[in-house]
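Number of protein chains: 2
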Amino acid sequence: MSDQHGHTLGRDLHGPRTHTCGELRRAHVGQEVVLKGWVDTRRDLGGVIFIDLRDRYGLTQIVFSPQDNETAYRLADRLRSEYVISVRGVVRERSPETVNPKLATGEVEVRAHDLIILNTSEPLPFPVSAHEEKRTTTSEELRLKYRYLDLRRPELQRNLLLRHQVYLITRRYFDAHQFVEVETPVLTKSTPEGARDFLVPSRLHPGKFYALPQSPQLYKQILMVAGLDRYFQIVKCFRDEDLRADRQPEFTQIDVEMTFPTEEQIFELIEGLIQAIWRETLGVELPRPFPRMSYDEALRRFGSDKPDTRFGLELQEIGEVFRGSGFRVFESVLEQGGEIVALVVPGMGDQGRGYMDRLDKDVVRKQIGAGGLVYFKLPSDGGPIYSSVKEHVLPSAYVQRAVAKLGARAGDLVLLLAGPRPQVYLQAGALRLHMARELNLVPPAGQAPWHFLWVTDFPLLEWDEEAGRYFAMHHPFTSPHPDDLDLLETEPGRVRARAYDLVLNGNEIGGGSIRIHRQDIQRRMFRVLGIDEEEAERRFGFLLTAFRYGAPPHGGIALGLDRIVMLLAGAGSLRDVIAFPKTQRGQELMSNAPDEVSPEQLEELHIRVVLPETEASGS
Amino acid sequence: MSDQHGHTLGRDLHGPRTHTCGELRRAHVGQEVVLKGWVDTRRDLGGVIFIDLRDRYGLTQIVFSPQDNETAYRLADRLRSEYVISVRGVVRERSPETVNPKLATGEVEVRAHDLIILNTSEPLPFPVSAHEEKRTTTSEELRLKYRYLDLRRPELQRNLLLRHQVYLITRRYFDAHQFVEVETPVLTKSTPEGARDFLVPSRLHPGKFYALPQSPQLYKQILMVAGLDRYFQIVKCFRDEDLRADRQPEFTQIDVEMTFPTEEQIFELIEGLIQAIWRETLGVELPRPFPRMSYDEALRRFGSDKPDTRFGLELQEIGEVFRGSGFRVFESVLEQGGEIVALVVPGMGDQGRGYMDRLDKDVVRKQIGAGGLVYFKLPSDGGPIYSSVKEHVLPSAYVQRAVAKLGARAGDLVLLLAGPRPQVYLQAGALRLHMARELNLVPPAGQAPWHFLWVTDFPLLEWDEEAGRYFAMHHPFTSPHPDDLDLLETEPGRVRARAYDLVLNGNEIGGGSIRIHRQDIQRRMFRVLGIDEEEAERRFGFLLTAFRYGAPPHGGIALGLDRIVMLLAGAGSLRDVIAFPKTQRGQELMSNAPDEVSPEQLEELHIRVVLPETEASGS
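Chains as they are written, first to last, in this note's numbering: chain G, 136 to 754; chain C, 136 to 754.
Don't read these hints as lab results, they were simulated from the structure. Nothing false has been slipped in among the hints.
In silico SDA-like links for lysine to any residue, alpha-carbon gap of 25 Å or less:
hint	chain 1	residue 1	chain 2	residue 2
1	C	K371	G	R698
2	G	K280	C	E669
3	G	K280	C	P327
4	G	K371	C	L339
5	C	K371	G	A693
6	C	K371	G	Q736
According to the in silico footprint, chain G covers these stretches of chain C (three or more CB under 8 Å from chain G):
hint	stretch
7	686-697
8	710-724
Far from chain C, by Cβ distances over 12 Å, these chain G residues were calculated:
hint	residue
9	F185
10	E242
11	H266
12	A411
13	R414
14	E470
15	G472
16	K540
17	P555
18	R556
19	L568
20	R572
21	L622
22	S708
Positions of the beta carbon are idealized from the N, C-alpha and C atoms, including for glycine.
Full structure from sequences and hints, please.
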């Protein structure tokens with residue numbers, strides 16, 4: 136094969152292309168042009184060869200005819216899908232019946248009089264032609280292995296171009312608002328709180344390790360102490376977690392911090408950014424300000440700290456109605472301070488026993504992890520209410536009263552969950568999302584409506600039953616609400632944080648807070664988290680020291696860039712908006728990372744592999 | 136202390152600042168304003184307190200007088216350096232004799248009628264006042280430990296702002312040229328060739344490791360195979376090397392790749408970028424095109440592949456003159472195919488014995504590593520030439536002839552080194568730089584002249600005596616010059632590469648090449664480098680596979696962003712243009728990275744530390 140393009144190695148005698156494959160129009164007719172690209176499709180018709188030549192910018196039809204050039208025509212006969220070629224030819228108008236209105240270049244074609252084959256291609260493991268708009272049925276594993284082929288598809292190229300636009304818009308926006316982009320280190324110190332760190336052994340310091348940053352949190356706070364005033368960065372972050380479908384071990388965030396901020400200033404700043412992104416990529420003008428909702432309200436109405444407000448199906452607390460009903464399940468929950476949460480689902484009052492059993496078993500118990508479902512069916516023909524709890528256990532008077540209070544009507548299905556707060560709300564929220572999907576209430580991805588929402592007034596701390604201690608709901612550097620400061624040691628669970636999340640259509644796309652900037656408060660916070668003085672000094676000593684030298688009030692936010700682009704693009708997965716994503720097992724299938732390394736490399740790093748027992752012994 | 140600003144935690148009752156500390160002018164006189172910042176300096180004069188309030192944007196004089204507000208005045212008496220405050224007051228014109236023409240805000244002052252102390256500060260370990268323009272004498276170690284204080288100095292803030300501008304200009308430029316910014320992974324596969332990889336143990340895949348990328352070389356080539364056409368990225372890269380003064384283990388490069396390129400297109404593209412950076416940051420209009428020089432010429436004339444062409448002192452090959460002289464040192468070098476390289480240094484013909492001995496011993500032998508120096512002194516009074524080699528060893532006729540051939544005149548000093556090529560040239564080049572510094576010929580950093588230069592036609596391979604094999608001078612993916620392809624197996628040392636470096640004032644600021652895009656050539660290249668089929672497949676199999684499916688010709692470049700900003704800023708070190716740099720021992724002194732981690736973390740990662748013998752045994 137090599138003889139046929141041997142002369143072309145670095146010898147592309149045509150020189151640079153004159154146009155891209157998306158550029159030629161009727162105005163170019165008569166010009167001699169040089170195009171370069173991939174053979175997308177080939178058709179042979181009446182002794183003439185038609186090639187759709189493809190590059191990032193589009194498709195152009197190339198015509199090889201023996202009349203135009205016998206040699207080029209004969210060489211063109213060797214062309215196969217995905218060959219890379221350079222073509223010299225003349226732009227001609229297509230005859231009216233052959234104009235392709237779907238193609239930007241569809242009014243013209245290039246009649247080739249010279250052809251160079253720059254590289255050949257073996258038959259592909261799956262098709263990538265621009266004419267195959269829809270995702271192929273190829274397994275994702277195969278597509279990730281041959282990522283360079285999958286990336287040739289217009290869909291993924293559009294996603295990467297969209298991502299590029301988001302970078303640019305973001306940077307232009309922050310620059311215009313006097314924010315400085317500063318690069319923070321990737322080789323940092325391990326201070327895990329929450330997620331696991333990726334570690335990097337140090338060759339020069341035996342037994343010591345760098346950690347990849349879970350976020351540049353402390354560096355950006357330090358930059359505020361340094362007087363940088365306004366910082367942003369589009370930055371890779373790393374979390375060594377067991378990966379869920381929508382997580383990546385390395386991900387990109389838009390990281391922001393400012394000095395002397397109010398929450399309002401941060402909301403305005405970020406709303407302006409989001410508005411600019413939607414305007415400049417989709418041409419959509421988002422209304423502002425975005426709605427705000429307290430964590431408490433979000434939990435009560437939607438059973439989530441990231442409510443999807445594009446549809447109703449709101450939750451209702453209905454516990455009082457059942458007091459004294461004698462129904463043990465409900466009564467005991469109420470006695471223990473728990474709550475009963477109801478969801479009225481329209482149009483489902485006639486569901487049969489099978490459906491309801493599957494809903495209880497597969498969804499409520501298995502997926503959502505609740506103890507079980509109580510439900511009332513209100514048949515659409517106005518017939519009597521059916522309760523899943525027998526009359527002698529839960530008298531119908533209570534059922535009637537609940538249905539009335541909830542405003543349920545004929546044809547509705549009433550779903551009830553009972554349990555302690557906040558769990559019962561979160562479970563009801565998950566059930567709400569399930570029912571919304573069942574009812575086809577969830578609008579398709581990548582389209583209006585765009586429901587942005589600020590969730591505010593988060594609790595500062597969450598109690599972890601297993602660990603027997605409080606954890607920071609956001610992170611240990613979040614400022615308590617000043618009104619609640621006195622409760623920090625006495626009733627930590629009641630302290631609100633100056634924290635906020637940005638939610639889009641039920642997805643958390645960002646979160647931030649006003650930070651602690653005083654050494655004494657930071658020390659109190661560490662104590663509440665069970666971090667003693669010594670540990671605080673060892674892990675965060677530099678921050679505590681920095682706070683001694685004129686640390687200004689500061690706060691900020693981090694936005695999930697991958698997720699924002701995914702939602703903008705209407706993509707089904709983060710993997711569709713990342714050039715070289717990792718699988719759920721943290722592997723990059725194209726290059727095969729992670730992989731084994733040489734014993735010499737490990738020796739230099741002063742480490743040894745210790746395989747887990749089961750794998751090492753094999754028994 | 137906490138009572139005095141207890142009310143201010145999150146309770147900055149002044150609300151957002153109305154202006155920055157660099158903003159107020161005569162036009163604002165009479166307005167009520169709120170400023171926030173750091174107490175830069177305080178003076179007490181005639182019962183009035185003057186504060187220079189500082190933020191990133193400038194300094195503003197604040198006046199606290201008991202006449203204006205007694206409470207604020209009394210609170211102001213507590214102010215010390217670096218306290219963080221919020222001030223409400225009215226802008227007043229300064230009296231003519233107190234106007235400060237050096238300050239942008241020097242015509243006005245703010246007469247305070249309300250003060251909030253937002254945070255206090257202990258006395259600093261070293262001064263950071265904006266009035267101390269010059270670097271303090273504080274040790275760099277202390278400054279790195281308290282990096283947040285050092286970063287308050289205007290000099291470092293200017294550097295970070297300059298860096299920010301370079302990011303923006305670069306991204307705008309590439310976007311305008313249809314380049315797409317794509318993020319490549321940080322957790323990649325280890326394929327060391329040249330430098331050592333930083334490794335990251337995998338928790339999910341026991342015994343396997345990720346590597347941090349030394350550059351996104353293979354990913355950017357894969358993006359070209361994927362049809363992205365034009366890629367760029369400002370990206371962190373990692374090399375675990377023993378660090379020289381001007382290296383960092385993590386550094387930032389402007390990474391560029393394009394499809395169907397000619398060298399000329401890449402030169403033009405990058406010259407345009409550099410021109411835009413210099414124009415928009417310094418207001419300097421650089422002439423184009425930049426000069427080009429072959430590696431061979433750079434070596435012969437300047438003894439370097441990154442020649443500083445801002446001054447002369449060019450090298451001259453003078454071997455022929457000494458043939459038959461009987462001077463054994465020279466004759467044996469010439470017999471072995473070596474060369475004799477001369478440097479004529481003006482104004483140094485009268486140097487005494489002591490100076491010449493130190494030059495020979497400390498510079499030529501010790502620093503440069505050459506075997507020794509031969510020199511001829513031509514006294515400025517026209518007296519007889521003094522040769523460091525005695526007449527009976529090297530007859531004066533040969534000396535005379537050499538001096539004549541070199542065009543040396545009274546007052547000149549002729550320095551000669553002998554040895555094999557290219558070493559003798561590199562040594563003479565180092566000596567040239569030393570003499571240029573001695574003669575004060577090297578212009579100061581951060582100023583014109585800006586001598587940019589493309590060095591081209593590098594050898595493809597370098598022979599490594601110790602390893603007994605060839606190494607790629609750039610990297611194994613660099614295309615051989617098509618004219619030399621037939622020599623690849625027979626005379627590998629003579630093959631030129633399609634590689635190029637960009638040099639500025641003697642600093643390499645970038646390097647790139649046209650790549651190999653054909654599988655067969657890439658396999659031949661691996662063979663020449665002693666990488667057998669199996670190893671090639673294991674390490675680079677995905678690239679070889681990618682080349683089977685329509686890989687286009689492609690090439691690119693990577694520019695050292697840290698170094699470019701350092702040269703632009705006239706900074707003395709890379710550490711002055713990186714927010715949180717590492718020391719030469721790879722440490723980040725502020726947070727103390729790298730550091731020890733918990734045994735649990737290591738266990739989860741399936742590794743164990745093996746301390747070096749000497750440290751483990753202590754005996």
